[in-house]
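Keeping their order, the protein sequence lines are chains L and S.
What the first sequence shows, in the working numbering, is residues 343 to 543, in sequence order.
What the second sequence shows, in the working numbering, is residues 7 to 201, in sequence order.
The hints are simulated quantities; they were obtained by calculation from the structure and are not laboratory data.
Be a bit skeptical, because a hint or two may be false.
Using 27 Å as the maximum straight-line C-alpha spacing, the simulated BS3-like pairs for lysine-lysine come out as follows [said to hold, decoys possible]:
hint, chain 1, residue 1, chain 2, residue 2
1, S, 46, L, 417
2, L, 417, S, 66
3, S, 55, L, 453
4, S, 56, S, 66
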Amino acid sequence: MDTVFGVEFDGGVILASDQTNARSILTYQTNLDKITELSSHSAMGISGPNADLVNFSEYISKNLALYELSNDGLKLSPHAQANFCRGELATALRKGPYQVNIMLGGYDTVKGEASLYWMDYLAALAKVNYGAQGYASSFCLSIMDRDWKEGLTCDEAVGIVEKCIKELQVRFLIAQPNFIIKVVDKDGVRTLKFGADPADN
Amino acid sequence: MARRYDSSTTTFSPEGRLHQVEYAIEAINNAGTCVGILAKDGVVMASEKKVTSSLLAPAKSSEKTYKLCQHAACNVAGLTADANILIDQARLRAGRYAYQYCEAIPVEQLVEHVCNYKQAYTQYGGLRPFGVAFLFAGYDTHYGFQLYQSDPSGNYSGWKATVIGANNQAGKSFLKNEYGAKKEDEDEKMKGCEE
Chain L
343 MDTVFGVEFD
353 GGVILASDQT
363 NARSILTYQT
373 NLDKITELSS
383 HSAMGISGPN
393 ADLVNFSEYI
403 SKNLALYELS
413 NDGLKLSPHA
423 QANFCRGELA
433 TALRKGPYQV
443 NIMLGGYDTV
453 KGEASLYWMD
463 YLAALAKVNY
473 GAQGYASSFC
483 LSIMDRDWKE
493 GLTCDEAVGI
503 VEKCIKELQV
513 RFLIAQPNFI
523 IKVVDKDGVR
533 TLKFGADPAD
543 N
Chain S
7 MARRYDSSTT
17 TFSPEGRLHQ
27 VEYAIEAINN
37 AGTCVGILAK
47 DGVVMASEKK
57 VTSSLLAPAK
67 SSEKTYKLCQ
77 HAACNVAGLT
87 ADANILIDQA
97 RLRAGRYAYQ
107 YCEAIPVEQL
117 VEHVCNYKQA
127 YTQYGGLRPF
137 GVAFLFAGYD
147 THYGFQLYQS
157 DPSGNYSGWK
167 ATVIGANNQA
177 GKSFLKNEYG
187 AKKEDEDEKM
197 KGCEE
């Protein structure tokens with residue numbers, strides 16, 4: 343149901359997700375922001391039940407903040423963050439699993455490179471150039487397969503993302519009128535576009 | 007004067023001292039010397055090899071230098087048996103960090119972990135402190151090459167050059183004069199220290 347996907351470009355990552363919060367036959371909200379900022383230069387697009395989404399993302403982001411406080415401002419690289427995240431999912435898997443599927447995008451300020459990770463609820467982790475979680479993968483991967491190339495600019499990557507969104511809105515059974523798009527690059531995490539303002543209450 | 011307050015590790019004396027910790031440091035001052043010097047492209051460490059008996063089988067491995075992980079090692083001065091416990095702790099910590107983050111542990115975090123472990127023996131449990139001082143040397147992408155010294159109290163600090171074990175005071179004064187004078191001649195300084 344949830345759409346979460348991401349595309350890496352030269353110097354950053356675009357993350358996109360739909361903004362619908364629904365269960366069974368009810369739509370609770372249409373302006374949910376499913377892409378949470380993990381640290382200054384990383385963010386996670388999460389699909390799954392809202393409880394797990396919030397619980398897991400807050401658990402990870404607060405632990406990352408604790409690391410920075412405990413270690414004199416030292417930041418964990420996106421690679422380390424992704425592996426930490428995966429480790430937590432793996433540990434919880436045979437106790438009380440988080441039913442979350444994730445696209446984690448980050449910019450490593452030390453190495454000066456971006457990275458995107460695909461992670462599913464079984465704690466499988468893969469570093470990818472582009473990826474999608476859920477039903478969205480059936481619609482978006484073929485577009486990304488064709489259009490992605492090494493050395494994309496931010497605008498070109500956003501172009502691919504918008505192509506994917508259009509495809510979903512035409513062909514996906516479940517109507518997802520609103521999408522939120524964020525970019526992670528050397529300047530941090532910022533929102534590029536949204537269908538509905540998450541701050542609206 | 008110190009008699010009443012020196013047998014329990016976890017009690018302060020009226021002067022605000024932990025005598026057991028100080029006695030542990032004394033024990034190390036009788037141990038084989040270790041020198042560590044930080045250079046811009048590495049860390050050099052040297053230790054005194056004490057030959058106690060000609061009957062001793064030739065050692066297959068060092069009783070002074072230990073590898074903790076791919077990017078860090080330490081030199082020991084003091085009770086070898088105590089050191090073994092702490093080296094196990096350090097290796098476990100480095101391994102567990104790599105397991106959790108798939109990355110090399112920053113050297114200072116490794117040192118701090120060992121030191122926190124030592125500190126516990128100065129505050130609870132009623133067990134004596136570890137009679138070991140360490141020189142930790144390592145490399146990470148955050149601070150490059152680093153040299154740390156730690157003692158039984160659980161305190162640690164980063165050094166450009168330092169000495170532990172027997173004659174460490176004399177060694178440190180020597181280094182104070184020599185370090186920075188002619189940075190290229192690390193070997194010369196090492197030799198000077200050994201004397």
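Hint-by-hint comparison with the structure:
no., hint, verdict
1, S:46 / L:417, "holds (24 Å)"
2, L:417 / S:66, "violated (40 Å)"
3, S:55 / L:453, "violated (42 Å)"
4, S:56 / S:66, "holds (15 Å)"
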